[in-house]
Amino acid sequence: MANAQTFETICALITPLNKKNIALGPETTFAVDLELDSLTVMDLVADIEDEFDILLPLNLLPDMETIQQVVDAVEKILASE
Amino acid sequence: MDLLDKFDATTALRDSLPFTKADPFTVVMDEIISETEAMIGGRHTILAGTNNYMGMTFNQEAIKAAKDALDKFGTGTTGSRVLNGTYGGHKALEATIADFYGMDHCMVFSTGYQANLGLISALGGKDDYIIIDADSHASIYDGCTMSNATIVRFKHNDVAHMEKRLKRIPEGANKLLVVEGMYSMLGDAAPLKELLEVGKKYGCMTLVDEAHSMGFCGEKGRGIAEELDVEHLVDFFVGTFSKSVGTVGGFAVSNHPKFDVLRYVSRPYIFTASLPPSVVASATAAIKAISRSGNRRAHLWENARSLHAGLKKAGFNLCTETAESPIIAVHLPDPMMGTKFWEQLLMEGVYVNMAAPPATPAGMFLMRVSVCAQHTSDQINEIIKRFITTAEKVGLTLNP
Ligand SMILES: Cc1ncc(COP(=O)(O)O)c(C=O)c1O
Numbered sequence: 003m004a005n006a007q008t009f010e011t012i013c014a015l016i017t018p019l020n021k022k023n024i025a026l027g028p029e030t031t032f033a034v035d036l037e038l039d040s041l042t043v044m045d046l047v048a049d050i051e052d053e054f055d056i057l058l059p060l061n062l063l064p065d066m067e068t069i070q071q072v073v074d075a076v077e078k079i080l081a082s083e
Numbered sequence: 004m005d006l007l008d009k010f011d012a013t014t015a016l017r018d019s020l021p022f023t024k025a026d027p028f029t030v031v032m033d034e035i036i037s038e039t040e041a042m043i044g045g046r047h048t049i050l051a052g053t054n055n056y057m058g059m060t061f062n063q064e065a066i067k068a069a070k071d072a073l074d075k076f077g078t079g080t081t082g083s084r085v086l087n088g089t090y091g092g093h094k095a096l097e098a099t100i101a102d103f104y105g106m107d108h109c110m111v112f113s114t115g116y117q118a119n120l121g122l123i124s125a126l127g128g129k130d131d132y133i134i135i136d137a138d139s140h141a142s143i144y145d146g147c148t149m150s151n152a153t154i155v156r157f158k159h160n161d162v163a164h165m166e167k168r169l170k171r172i173p174e175g176a177n178k179l180l181v182v183e184g185m186y187s188m189l190g191d192a193a194p195l196k197e198l199l200e201v202g203k204k205y206g207c208m209t210l211v212d213e214a215h216s217m218g219f220c221g222e223k224g225r226g227i228a229e230e231l232d233v234e235h236l237v238d239f240f241v242g243t244f245s246k247s248v249g250t251v252g253g254f255a256v257s258n259h260p261k262f263d264v265l266r267y268v269s270r271p272y273i274f275t276a277s278l279p280p281s282v283v284a285s286a287t288a289a290i291k292a293i294s295r296s297g298n299r300r301a302h303l304w305e306n307a308r309s310l311h312a313g314l315k316k317a318g319f320n321l322c323t324e325t326a327e328s329p330i331i332a333v334h335l336p337d338p339m340m341g342t343k344f345w346e347q348l349l350m351e352g353v354y355v356n357m358a359a360p361p362a363t364p365a366g367m368f369l370m371r372v373s374v375c376a377q378h379t380s381d382q383i384n385e386i387i388k389r390f391i392t393t394a395e396k397v398g399l400t401l402n403p
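One line per chain: the protein sequences are P and A, in this order.
Those letters in the first sequence? Residues 3 to 83, per my numbering, in order.
Those letters in the second sequence? Residues 4 to 403, per my numbering, in order.
Same shape as in the complex, but just chain P:
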């Protein structure tokens, strides 16, 4: 899957959580920019897992602060399957 398409798919999942309607870019952060609490992040992770039919292990979460980092992680997992 092309990077841009993965990015779009993930943004579509984030949109309902984007309460302040900020512009989503690769460097948008979940905690600071989107102000998502850990529970919302957990639900988002589950949605991403189901959308791509993958597992995003808990171990990876500390390294996923920006949308781009999630896109990279998802693509890496998809490529390794």
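You can trust all of the hints, since none of them are fake.
Here are the simulated lysine to aspartate or glutamate pairs, DMTMM-like style, with alpha carbons at most 25 Å apart:
id: 1; chain 1: A; residue 1: K158; chain 2: P; residue 2: E53
id: 2; chain 1: P; residue 1: K21; chain 2: P; residue 2: E67
id: 3; chain 1: A; residue 1: K158; chain 2: A; residue 2: D131
id: 4; chain 1: A; residue 1: K170; chain 2: P; residue 2: D74
id: 5; chain 1: A; residue 1: K388; chain 2: A; residue 2: E305
id: 6; chain 1: A; residue 1: K9; chain 2: P; residue 2: D39
id: 7; chain 1: A; residue 1: K204; chain 2: A; residue 2: E230
id: 8; chain 1: A; residue 1: K129; chain 2: P; residue 2: E77
id: 9; chain 1: A; residue 1: K167; chain 2: P; residue 2: D55
id: 10; chain 1: A; residue 1: K167; chain 2: P; residue 2: E53
id: 11; chain 1: A; residue 1: K167; chain 2: P; residue 2: E77
id: 12; chain 1: A; residue 1: K158; chain 2: P; residue 2: D65
id: 13; chain 1: P; residue 1: K21; chain 2: P; residue 2: D52
id: 14; chain 1: A; residue 1: K167; chain 2: P; residue 2: D49
id: 15; chain 1: A; residue 1: K9; chain 2: P; residue 2: E29
id: 16; chain 1: A; residue 1: K316; chain 2: A; residue 2: D381
id: 17; chain 1: A; residue 1: K203; chain 2: P; residue 2: D55
id: 18; chain 1: A; residue 1: K129; chain 2: P; residue 2: D55
id: 19; chain 1: P; residue 1: K78; chain 2: A; residue 2: E174
id: 20; chain 1: A; residue 1: K196; chain 2: A; residue 2: D238
id: 21; chain 1: A; residue 1: K158; chain 2: P; residue 2: D39
id: 22; chain 1: A; residue 1: K291; chain 2: A; residue 2: E64
id: 23; chain 1: A; residue 1: K170; chain 2: P; residue 2: D49
id: 24; chain 1: A; residue 1: K158; chain 2: P; residue 2: D52
id: 25; chain 1: A; residue 1: K204; chain 2: P; residue 2: D52
id: 26; chain 1: A; residue 1: K9; chain 2: P; residue 2: D35
id: 27; chain 1: A; residue 1: K158; chain 2: P; residue 2: D49
id: 28; chain 1: A; residue 1: K129; chain 2: P; residue 2: E83
id: 29; chain 1: P; residue 1: K78; chain 2: A; residue 2: D130
id: 30; chain 1: P; residue 1: K78; chain 2: P; residue 2: D49
id: 31; chain 1: A; residue 1: K170; chain 2: P; residue 2: D45
In short, the hints are calculated from the structure, not lab data.
As the structure is a prediction and not an experimental result, all values here were calculated from the model.
Using the hints, position chain A with the ligand against chain P.
Below, chain A with the ligand without anything else, positioned relative to chain P:
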């Protein structure tokens, strides 16, 4: 720059809570009158926020056994279980617990926290997967962090959500499914049968933490797995002595033939001192007492049901539809109301736990009430009455 600066937000949050007369984080029990009463700040107070479900803290046999052990073996072992810290009492306790669970092996740890840490960290190797409920206790999360495994999390008590994730784990990988029998904040029971059956279908080994179900669930008091008749689906049980057993310590039991190797590889078992002989002796006596405490169990459940019914009738917002456990959690709308309510209730002479994030799921603010087998019906009625008075005084709207 200061290493403690990163906690400024926590300090600010704490300081924002409007406590004036008492503070849930610094409450001091000046005198323990019985299993169910204490003096707090000069007030005679009903204790409805302990984990003393079976009221074992003043069990006469447990007290006598502890005193004898203190006289005979001294105040402590001063060493690890694998060095000088294993006394005859530790072996006898392990035999008692193995017998209680009808299982071949038992390891006693210095706390339940360490039992989870010790098992999960040792079992979860580099290529293994650990699957946990999102609302797991901190000791389970910390055991996962300490392991080298890949950690997969599913939504609380959601069997379908878990199964979807189990399907995605590479075939052939070793998997450990970890769940609790009863969740300690909301007092909600796990759908253990379904979780374990699905776990087994996908080849998981299973670990069930019965910390808040041992003592009063099941005919013998072994926990929810006993009650649901699914113990054969459990590879490892973890438990604690700090709740129904009335003292401190933790354990793990298993029928796995290789279980004992964990004594040589589980760091939280090895690198800490063993329990003092008096604690070991009282735990042994209390577990024996629990196994023949059918009447106490029945009374505890009566207490739980009447407290739940009374609070529900009064119009409190309860976290479970029925009394699924001796833990009855009352939902409060926000931290301010929670704080005022907790404080006023204490002034009325009832101690409960104020539970707030991150200990609670979904950012909830709770009055966590827990009952004891030794509470009388009068005390339960008093608790309900004082809850209602408190609601009036702090302006909490009830919806009967
Ligand atoms: C589910 C669960 N597991 C383990 C523990 C730890 O028990 P202990 O107090 O013996 O460390 C607790 C208690 O806090 C618990 O609630």
